[in-house]
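Asker: Okay, here's what each chain looks like letter by letter:
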Amino acid sequence: AQSVAQPEDQVNVAEGNPLTVKCTYSVSGNPYLFWYVQYPNRGLQFLLKYITGDNLVKGSYGFEAEFNKSQTSFHLKKPSALVSDSALYFCAVRDGSSNTGKLIFGQGTTLQVKP
Amino acid sequence: GAVVSQHPSRVICKSGTSVKIECRSLDFQATTMFWYRQFPKKSLMLMATSNEGSKATYEQGVEKDKFLINHASLTLSTLTVTSAHPEDSSFYICSARQAHAYEQYFGPGTRLTVT
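In the order they appear, the protein sequences are chains A and B. The working numbering puts the first sequence at residues 1033 to 1147. The working numbering puts the second sequence at residues 271 to 385.
By construction, these hints were calculated from the structure, which means they are not laboratory data. Honestly, I wouldn't trust all of these hints.
[To be verified] Non-contacting residues of chain B with respect to chain A, defined by C-beta distances greater than 12 Å in every case (computed):
id : residue
1  : 285
2  : 288
3  : 299
4  : 316
5  : 329
6  : 336
7  : 344
8  : 350
9  : 352
10 : 355
11 : 357
12 : 369
13 : 372
14 : 377
15 : 384
[What the hints assert, rightly or not] Covered by chain B, per the in silico footprint, the following chain A stretches (three or more residues, Cβ under 8 Å):
id : segment
16 : 1074–1081
17 : 1134–1145
[Stated by the list, open to error] Derived coverage of chain B by chain A (criterion: at least 3 residues anywhere in the stretch with Cβ under 8 Å from a Cβ of chain A; other residues may be distant):
id : segment
18 : 307–315
19 : 319–328
Every residue, glycine too, gets a C-beta built ideally from N, C-alpha and C.
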């Protein structure tokens, strides 16, 4: 079965410090991986994706993620956190058994950046 | 980036009535649209997948006669919650995907409250 795990319910960092939000996955076949961010009472915003190629993927708002096949991980990173980065972050993997592009989401990680 | 709108953003209805939520892709053609439900501080639960011009595919446990989905054009999908009850109160989010694209783009969500 395909799945995504975000082991941390919440991550707290100080503004200006680097941040990491963890994600591990389990898929059959090639993994297509995504990160989304959700601000309160809003829909999800697409941050970045890994389909193939370079393991380090750069996305919106200074975020990047590193695909690690051996560890089946796709952690989200940012070198210097901003208070405005505080939000709910979702990792997702495309369901390889579906031809509709259905995504399987992790349970979400709340990022809290303190001034 | 691709923009998806939802209308209304908030709706309050009485128990037993029906309510329709619209999802539009504003600057691209969406061959596939998805409807999700999200509970507070929880991940997204996929309700159904709809392809333009064909019947929606519902996830296990989602009542197709209660949650009617129509995807009549490449830019519009609607979700109608029929005979709504208080337990249907939730945050409903749609997303849209272009043909041959990997990522989904999400609408801003609709907060439904059934009294």
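Asker: Now tell me, hint by hint, if it's right for this structure.
Answerer: Hints, verified against the model:
1. 285: Non-interface label stands for residue 285 of chain B: nearest chain A Cβ at 23 Å, farther than 12 Å.
2. 288: Holds, because the least Cβ-Cβ distance between residue 288 of chain B and chain A comes to about 23 Å, which exceeds 12 Å.
3. 299: holds (14 Å)
4. 316: The claim is violated: residue 316 of chain B sits with its nearest Cβ about 7 Å from chain A, within 12 Å.
5. 329: Answer for residue 329 of chain B: violated, closest chain A Cβ roughly 9 Å.
6. 336: Holds, since 21 Å exceeds 12 Å.
7. 344: Given a closest Cβ separation of 15 Å, the condition holds.
8. 350: Correct as stated: the minimum Cβ-Cβ distance to chain A is 20 Å, above 12 Å.
9. 352: Holds, because the least Cβ-Cβ distance between residue 352 of chain B and chain A comes to about 23 Å, which exceeds 12 Å.
10. 355: holds (22 Å)
11. 357: holds (20 Å)
12. 369: Contrary to the label, residue 369 of chain B does not stay out of reach of chain A, its closest Cβ about 10 Å off (not over 12 Å).
13. 372: violated (6 Å)
14. 377: violated (5 Å)
15. 384: Given that every Cβ of chain A is farther than 12 Å from that of residue 384 of chain B, nearest at about 18 Å, it holds.
16. 1074–1081: holds (count 6)
17. 1134–1145: It holds: at least three residues are needed, and the segment 1134–1145 of chain A offers 7 whose Cβ sits within less than 8 Å of chain B.
18. 307–315: holds (count 4)
19. 319–328: Coverage by chain A holds for the segment 319–328 of chain B (3 residues, Cβ < 8 Å).
Going down the numbered hints, you'll see the structure goes against 4, 5, 12, 13, 14, while the others check out.
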